[in-house]
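*Asks:* Starting from the known structure of chain A, arrange chains B and C on it as the hints suggest.
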Amino acid sequence: MSEKTAVTPAGHTTPPAKFSHGVRKGNLLQVAGQVAFGPAVEGRAPAPVGPGLREQTIQTLRNVQAVLEEGGATWEDAMMVRVYLTDTSHFAEFNAVYDEFFADLRQPPSARTTVYVGLPAGLLVEIDALAVLD
Amino acid sequence: MSEKTAVTPAGHTTPPAKFSHGVRKGNLLQVAGQVAFGPAVEGRAPAPVGPGLREQTIQTLRNVQAVLEEGGATWEDAMMVRVYLTDTSHFAEFNAVYDEFFADLRQPPSARTTVYVGLPAGLLVEIDALAVLD
Amino acid sequence: MSEKTAVTPAGHTTPPAKFSHGVRKGNLLQVAGQVAFGPAVEGRAPAPVGPGLREQTIQTLRNVQAVLEEGGATWEDAMMVRVYLTDTSHFAEFNAVYDEFFADLRQPPSARTTVYVGLPAGLLVEIDALAVLD
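Protein chains in written order, with UniProt numbering: chain A, 1 to 134; chain B, 1 to 134; chain C, 1 to 134.
Because the hints were derived from the structure by calculation, they are not lab data.
You can trust all of the hints, since none of them are fake.
No copy is singled out in the list; a pair is fine if it fits within one copy or between any two copies.
List time: in silico SDA-like cross-link candidates among lysine to any residue, alpha-carbon distance up to 25 Å:
{"no.": "1", "residue 1": "Lys18", "residue 2": "Glu76"}
{"no.": "2", "residue 1": "Lys18", "residue 2": "Val117"}
{"no.": "3", "residue 1": "Lys18", "residue 2": "Gln65"}
{"no.": "4", "residue 1": "Lys18", "residue 2": "Phe91"}
{"no.": "5", "residue 1": "Lys18", "residue 2": "Arg54"}
{"no.": "6", "residue 1": "Lys18", "residue 2": "Asp99"}
{"no.": "7", "residue 1": "Lys18", "residue 2": "Arg106"}
{"no.": "8", "residue 1": "Lys18", "residue 2": "Glu3"}
{"no.": "9", "residue 1": "Lys18", "residue 2": "Phe37"}
{"no.": "10", "residue 1": "Lys18", "residue 2": "Val97"}
{"no.": "11", "residue 1": "Lys18", "residue 2": "Glu70"}
{"no.": "12", "residue 1": "Lys18", "residue 2": "Ala96"}
{"no.": "13", "residue 1": "Lys18", "residue 2": "Thr88"}
{"no.": "14", "residue 1": "Lys18", "residue 2": "Ala121"}
{"no.": "15", "residue 1": "Lys18", "residue 2": "Arg62"}
{"no.": "16", "residue 1": "Lys18", "residue 2": "Asp87"}
Same shape as in the complex, but just chain A:
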């Protein structure tokens, strides 16, 4: 009945394995774990923007947003945001950036879980999201 479709924003780097940046089926849109990679550049390996947490957080959220939008959703449709940080000392700064980013949200913000894990060298944050479309 409802088709499963891959959701791939134009500028996104190619995933390092056989997975989709986003998948939509019915009214569910799942966004894969996004990191702070800037737009894909042919012939260059993906690289995170700036070394700082603020830049990486904003770029990561933008990358999630690009998948949401490509799938026909917005942050207003997000049910859950999963945040993976690498250092508990980053929590306060991360939250400050997060709150700025979502300052204009009109609907209730999504739920969120934040935990501290290991990530590949150079990455300070990874974020995925689940959205339910109207």
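*Replies:* Just chains B and C now, kept in the frame of chain A:
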């Protein structure tokens, strides 16, 4: 069609950033990562109950349950419980408390994933849940 | 309206606590975190197959697949795969095995998040999945 609503139990501490303790849209209810904070006390920072794993686990499960109930669900509706512990040596005790907590469940228990991560100082466990309402 | 049912493949080891290997309700199928345990053997504690990442990854994916199939789904229905590795140096080899495993997928692959966490001794990978059935 289906509205997105925030689910906020009365006694819960205010989230440290722009996210909801729970979100419901359609028949999906997503509970944000809960920790062992006791009821909010005005003018005091949120603090976990007792230092031990048993107390923290029970309080964390109660906090998840409060969101489920505020959203019109119960544990019987839970599809997935995500458990974040900080030490693999806690697994056996955690499971014992978990099984006690769910001793009276009438429907099949939810699925579960348990991994070991970093959490803010003083916290031994974080749990989130996804429920599908009838 | 839609019943919640436990999904338990025949050969799977008994979960170490009160949770289900899979749960289906409506068109949602949630697979619990699977590890590289081989088929259950009466009287023996669950043990992972082989010590290597390749063997563990294949067995873990097979265990997820068994739950999907027992619940009436296939990998084609998977929306999200959550991968928990223990060492960032495993990423490339894991991806190679992952891509082999999914070489024949006809629909868009699921979304995926990969993070690095602690797991019980001997386990190198844990994977869970969310599927939406037609």
